[in-house]
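Count along the sequence shown starting at 1, add 124, and that's the number in the numbering used here.
Be a bit skeptical, because a hint or two may be false.
Said to hold, decoys possible - Heads up, simulated DSSO-like pairs for lysine-lysine below, C-alpha to C-alpha not over 27 angstroms straight-line:
(1) LYS227 - LYS329
(2) LYS224 - LYS331
(3) LYS284 - LYS172
(4) LYS277 - LYS408
(5) LYS436 - LYS425
(6) LYS277 - LYS177
(7) LYS435 - LYS183
Calculated directly from the structure, the hints in this document are not laboratory data. In this text, all values refer to a predicted model and were calculated from it rather than measured experimentally.
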Amino acid sequence: MTTWTKRALLAPALAAMLAVSGAGLAAEKGKDAAKAAAKPAAEQSMKKAEAAKAAQGRKTADVKARKSGAEKANAERGKIYAEAVIALRETQNAIKALDKKDKKAAMAALERAVGKLEILLARAPDLALAPVDVQTQTLDIYADVKSVKKAVKDSIALLKKGRVQDARALVSGLASEIVIEVVNVPLATYPDAIKAVAPLIEKGKFKEAKAGLIAALNTLVITRHILPLPILRTEQMLKRAEVLAEKAKRSKDEEKELADILKAARAELQFAEALGYGKEGDFKPFYEQLDLIAEKTRGGKHGKGFFDKLKKALSDFRAKLF
125 MTTWTKRALL APALAAMLAV SGAGLAAEKG KDAAKAAAKP AAEQSMKKAE
175 AAKAAQGRKT ADVKARKSGA EKANAERGKI YAEAVIALRE TQNAIKALDK
225 KDKKAAMAAL ERAVGKLEIL LARAPDLALA PVDVQTQTLD IYADVKSVKK
275 AVKDSIALLK KGRVQDARAL VSGLASEIVI EVVNVPLATY PDAIKAVAPL
325 IEKGKFKEAK AGLIAALNTL VITRHILPLP ILRTEQMLKR AEVLAEKAKR
375 SKDEEKELAD ILKAARAELQ FAEALGYGKE GDFKPFYEQL DLIAEKTRGG
425 KHGKGFFDKL KKALSDFRAK LF
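Using the sequences and the hints, build the whole thing.
In structure tokens:
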């Protein structure tokens with residue numbers, strides 16, 4: 125067989141080999157392309173899962189934060205003085221009696237009111253304001269730090285142009301807080317104010333007496349206590365983070381959870397700062413403490429007391445606002 129003949133015979137075999145090899149390469153390229161396409165999808169899916177987990181963590185912290193706010197409101201309700209409540213109710217009864225021109229009923233109601241206040245003053249002579257009612261309101265804006273900062277910046281620009289009402293509308297919703305309002309009877313003035321009405325009733329001056337009692341009711345003092353929800357949420361997040369930080373052998377998932385919680389806590393504090401809860405520089409120590417905790421717990425390190433300084437600082441800060 126000649127060399128040419130050998131080459132002629134080899135050519136179809138070589139072509140077949142190349143075809144098979146080409147098909148294999150194409151298949152491999154196809155697999156690589158599929159992997160490349162699947163990678164962003166997998167990353168996106170992972171990011172969505174992480175975002176959902178973070179959202180759930182914030183929701184859990186929010187539920188606990190609101191519960192904490194409700195407990196503080198209940199604590200304020202526990203300070204209500206029954207004598208002051210009765211005195212207020214009897215003042216209102218006196219007004220109803222005056223509408224009916226019932227002198228006897230009006231005087232009896234005022235006597236009961238004054239009597240209750242005298243008992244209260246005898247029991248607590250240094251008490252200036254006697255709580256009679258507690259009301260709560262929750263305000264929460266669903267926005268990010270960037271949006272809040274933009275709204276503040278835009279409102280400042282509007283104020284500089286003298287567009288006060290436009291600026292007011294822009295910032296009126298910038299709040300994330302539980303408001304606890306306490307209605308108080310001012311003991312330094314209220315008893316004397318209703319005592320002064322008695323001579324008017326005796327003289328049958330029902331209209332003037334009613335005006336006097338309404339004026340006394342208008343002297344009730346309302347004190348407002350603000351509980352910023354981002355601060356309450358941060359405190360709740362730190363409780364879980366502290367448990368993880370004290371654990372000697374954290375799993376990889378727990379290690380990531382701890383890092384994510386510290387990151388979420390920082391985001392809440394940045395949100396509180398953007399909303400203006402506190403003065404400039406108030407939040408810097410909080411961020412420094414979070415950085416210190418992150419350093420102390422990095423790489424599986426653990427221990428107790430890492431959160432003590434931060435927890436106390438947050439508690440003191442909230443107490444100033446409350």
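Any of the earlier hints contradicted here, and which numbers?
Those not satisfied are hints 3, 6.
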